[in-house]
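Peer 1: Line order of the protein sequences matches chains U, R and H.
Numbering follows the working numbering, with no gaps: position 26 of the first sequence is 26.
Numbering follows the working numbering, with no gaps: position 14 of the second sequence is 14.
Numbering follows the working numbering, with no gaps: position 55 of the third sequence is 55.
Note that these hints are calculated values from the structure, not bench results.
One thing to keep in mind: the hints can contain errors.
Claimed, not checked - Result set (DSSO-like, lysine-lysine): computed pairs, CA atoms no more than 30 Å apart in a straight line: (1) 95(U) / 72(U); (2) 80(U) / 131(U); (3) 274(R) / 80(U); (4) 114(U) / 236(R); (5) 72(U) / 274(R); (6) 245(R) / 80(U); (7) 53(R) / 72(U); (8) 72(U) / 137(U); (9) 236(R) / 80(U).
Unchecked claim - These stretches of chain R come out as covered by chain U in the derived footprint (C-beta under 8 Å, 3 or more residues): (10) 8-21; (11) 76-87; (12) 257-270.
Beta carbons: idealized from backbone N, C-alpha and C, even for Gly.
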Amino acid sequence: MRQSKVFELIKLKFPQVSEEDLTKAVIVPQELLPAVANYLKGQDLSFDNLHCITAVDRLERIELVYIFYSFKNRQQAIVKVYLPIDAAEVESLTKFYRSADWFEREVYDLFGVKFLNHPNLARILNPQDWKGYPLRKNYTNPNLIRKP
Amino acid sequence: MKMSNMHSEQLCVNMGPQHPSTHGVLYLDLRLDGEEVVDCITHIGYLHRSMEKIAENRTYTQFIPFTDRLDYVASMNNNLAYVLAVEKLLNLDVPERAKYIRVIVAELNRIASHLLAIGTFAQDLGAFATPLFYCFREREKVIEIFDEVCGNRLTYNYMRIGGVQFDLPEGIDRRIKDFIKYMRPKINDYEGLLTNNPIFLERTKNIGILSKETAINYSITGPNLRASGVQWDLRKDEPYLVYDKFEFAIPTGKNGDMWDRYRVRMDELSQSLKIIEQAIAGIPEAQATVKAGRMIKPAAGEVYFRAESPRGELGFYIVSDGSVNPYRLKIRAPSFSNLAVLRELVKGVKVADVVGILGSLDILMGEIDR
Amino acid sequence: MVTLSSLIVMVLVVSAVLGFISASAMFLIWWERKVSAHIQTRFGPMRVGWHGVLQPIADAIKLLCKEDIVPVGVDKWVWWLAPFFVTVPAVMAFVAIPFGKNLIVQDLNLGILYIIAITSTGIFGIFMAGWGSNNKYSLLGGMRSAAQIISYEIPLLISIITVLLFSGSLSMQKIVTAQAKYWFILNPSLFVAFFVYIISATAEVNRAPFDLPEAESELVAGFHTEYSGMKFAMFFIAEYTNMFTISAIAATLFLGGWRGPLLPGPVWFLIKTYTIIFVLMWVRWTFPRVRVDQLMGFAWKVLTPISLVNLIIAGWFILK
Numbered sequence: 001m002r003q004s005k006v007f008e009l010i011k012l013k014f015p016q017v018s019e020e021d022l023t024k025a026v027i028v029p030q031e032l033l034p035a036v037a038n039y040l041k042g043q044d045l046s047f048d049n050l051h052c053i054t055a056v057d058r059l060e061r062i063e064l065v066y067i068f069y070s071f072k073n074r075q076q077a078i079v080k081v082y083l084p085i086d087a088a089e090v091e092s093l094t095k096f097y098r099s100a101d102w103f104e105r106e107v108y109d110l111f112g113v114k115f116l117n118h119p120n121l122a123r124i125l126n127p128q129d130w131k132g133y134p135l136r137k138n139y140t141n142p143n144l145i146r147k148p
Numbered sequence: 001m002k003m004s005n006m007h008s009e010q011l012c013v014n015m016g017p018q019h020p021s022t023h024g025v026l027y028l029d030l031r032l033d034g035e036e037v038v039d040c041i042t043h044i045g046y047l048h049r050s051m052e053k054i055a056e057n058r059t060y061t062q063f064i065p066f067t068d069r070l071d072y073v074a075s076m077n078n079n080l081a082y083v084l085a086v087e088k089l090l091n092l093d094v095p096e097r098a099k100y101i102r103v104i105v106a107e108l109n110r111i112a113s114h115l116l117a118i119g120t121f122a123q124d125l126g127a128f129a130t131p132l133f134y135c136f137r138e139r140e141k142v143i144e145i146f147d148e149v150c151g152n153r154l155t156y157n158y159m160r161i162g163g164v165q166f167d168l169p170e171g172i173d174r175r176i177k178d179f180i181k182y183m184r185p186k187i188n189d190y191e192g193l194l195t196n197n198p199i200f201l202e203r204t205k206n207i208g209i210l211s212k213e214t215a216i217n218y219s220i221t222g223p224n225l226r227a228s229g230v231q232w233d234l235r236k237d238e239p240y241l242v243y244d245k246f247e248f249a250i251p252t253g254k255n256g257d258m259w260d261r262y263r264v265r266m267d268e269l270s271q272s273l274k275i276i277e278q279a280i281a282g283i284p285e286a287q288a289t290v291k292a293g294r295m296i297k298p299a300a301g302e303v304y305f306r307a308e309s310p311r312g313e314l315g316f317y318i319v320s321d322g323s324v325n326p327y328r329l330k331i332r333a334p335s336f337s338n339l340a341v342l343r344e345l346v347k348g349v350k351v352a353d354v355v356g357i358l359g360s361l362d363i364l365m366g367e368i369d370r
Numbered sequence: 001m002v003t004l005s006s007l008i009v010m011v012l013v014v015s016a017v018l019g020f021i022s023a024s025a026m027f028l029i030w031w032e033r034k035v036s037a038h039i040q041t042r043f044g045p046m047r048v049g050w051h052g053v054l055q056p057i058a059d060a061i062k063l064l065c066k067e068d069i070v071p072v073g074v075d076k077w078v079w080w081l082a083p084f085f086v087t088v089p090a091v092m093a094f095v096a097i098p099f100g101k102n103l104i105v106q107d108l109n110l111g112i113l114y115i116i117a118i119t120s121t122g123i124f125g126i127f128m129a130g131w132g133s134n135n136k137y138s139l140l141g142g143m144r145s146a147a148q149i150i151s152y153e154i155p156l157l158i159s160i161i162t163v164l165l166f167s168g169s170l171s172m173q174k175i176v177t178a179q180a181k182y183w184f185i186l187n188p189s190l191f192v193a194f195f196v197y198i199i200s201a202t203a204e205v206n207r208a209p210f211d212l213p214e215a216e217s218e219l220v221a222g223f224h225t226e227y228s229g230m231k232f233a234m235f236f237i238a239e240y241t242n243m244f245t246i247s248a249i250a251a252t253l254f255l256g257g258w259r260g261p262l263l264p265g266p267v268w269f270l271i272k273t274y275t276i277i278f279v280l281m282w283v284r285w286t287f288p289r290v291r292v293d294q295l296m297g298f299a300w301k302v303l304t305p306i307s308l309v310n311l312i313i314a315g316w317f318i319l320k
């Protein structure tokens, strides 16, 4: 079962999802993410492992990238969520996957994405009183030197 | 006095950031009830060097030395995962000889890394320094081989996009074969020193049990996952390089306790030796590098690649916008997830077992904080 | 009435004992470093003198010259007195140890009881250090130490009582004399008692694998985490002096003390004592540390029953 097959299965259940042209990732509307995660984790697809969460700052939006893995079917699925940069908020997946706890804290720390209903959404790598979100493209810091 | 009037207070112990056995600058906020751990809050980030931000301002080749500093006791594997990710982005195939060389050095580095893990684990259990020194003696042999191969002892910077930095030097296969011959009986020495020691068994059996479901749910990878009974190894299940040509077993544990994690690492030592032996025998005579060009400009796209590093699955998520710098580079470090489970494992154990469990998880702060 | 001559003798004896203790502790520190180094495929100290023999002296000078750091918030009196409470009992025990036929400071008729009573008070110093340091690691170390020493005192004493059944006296010299025919360790019942004694005594002096009070991988340095300079050195000297004391008792009680052919008594005594010390070092650098609940379980569930049963068997043996 490949990524496209996963997309078809999700598409059957949630018609609002779409496929990203370049990467074939499944694009999920932000309000649907918990439902999709629940479906992915369920019996039909049994994606029991949330392998990684990360984000990409595309200037006008922030793309959240979720990499799921199923040990039963030995297969990977990449799910993306597009968030507007000025209101980057999405439901936390901690109630489905415990690994989401630290991954979401990291994304919050570096990109400023708010995960709603996260048990402890605090900065994880940077000090608690750090200003700004370092991995955003518009982040500035006097100590940051750009090299060609 | 009535019993109900008596109360005991929780003791808050700040273990770290400077502590002899936290494997780097890790800060554990322990809440103790006498000797028993009630809660443990993990604070990380003391070694945060913003590698991912640095990557956005470097070219693809310039970032290779930075990957050395992620998991600094297994730099080869870090180099390897990164260059493989970039090669996947470029759709670049490397010569057969380079693949063999990469397998040999990666497996040698896995041995060095596991030796360190076993030694420090025994040290954490209180076998003061003796097993550690034994492991260092053998690790030194590996490092000497690397010294000859690439001129460095810790941060190798050996892999290149499209191959390796240098071809193997003359006569190195003899030395590696000697090392394999030397290493095999040494593994039995460790078995004698630790495995059958009643105190060691008493300290490790049935402690820090990580169940299969918890391990998968926490996204634990590598030896820790295999110790919990999941037969999963990227070298076997999603073979990269030439791993599919070699015969080796995937050691797994049953209970997922500290002993199983130790056992899996011990067994992986001999499996790695087996792989190296086959790779040395089958290495083809050919050129070791293809020219990928000085300035690498991949087409716009995204790639996620993960490889089996000694601590688990090291993944690189690279987003390219068609320029010479990566648009975004995410490092999915195995120790990051492996450490997250610590809080779950240490609840209710004695304080002495906290360091034992931490040692058995074999974390490395360099790649957690990045 | 204290006369001048007896005063001079007293001063000379005290100086001799103190001199021997310092020399012995220094030798043991050097020896431990060498033994551990060779076990660990290293050389150990090599620079100061021949094979580093002068290393302890260099260490002592360094520790003496160090700034005396008093951490904030320590319980002043308790903190200051703790090293003395640890060191003084360790030194006092030497009064009743027979080095040779006539080489004993005072052959008390309660000799062994005196030594055990005196060395047991060393726990006060450790607990004071743990309490007074205002450090949680020290406190945990102190608490562990108290629990450990009280638990291991029982099998230790019972195994000594087994010896007393055979010797018929508490005096150290009389115990040695009682072994004129054969060493007590050759008696099967006392053979068991010897091992119970050695294990309990290792726990008594906080040596590995029972070094929980100063478990460096968990508690940094346990009860002496906050001590530096000469105070730290006093803990160190006390540790090695205690190690000498328990080994000397073992040599006296089970291995015939200063008795032996050809060589003079004191030489035999030292050979036996240092052999036992070497075994203790060997154990320390080989085994992992036990956990605190396993430690207590071992004392109460294994050692105490064994020593009690052994005592009963020995008693039956004698009455028959």
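Peer 1: If you check each hint against the structure, which ones fail?
Peer 2: 3, 4, 6, 7, 8, 10, 11, 12
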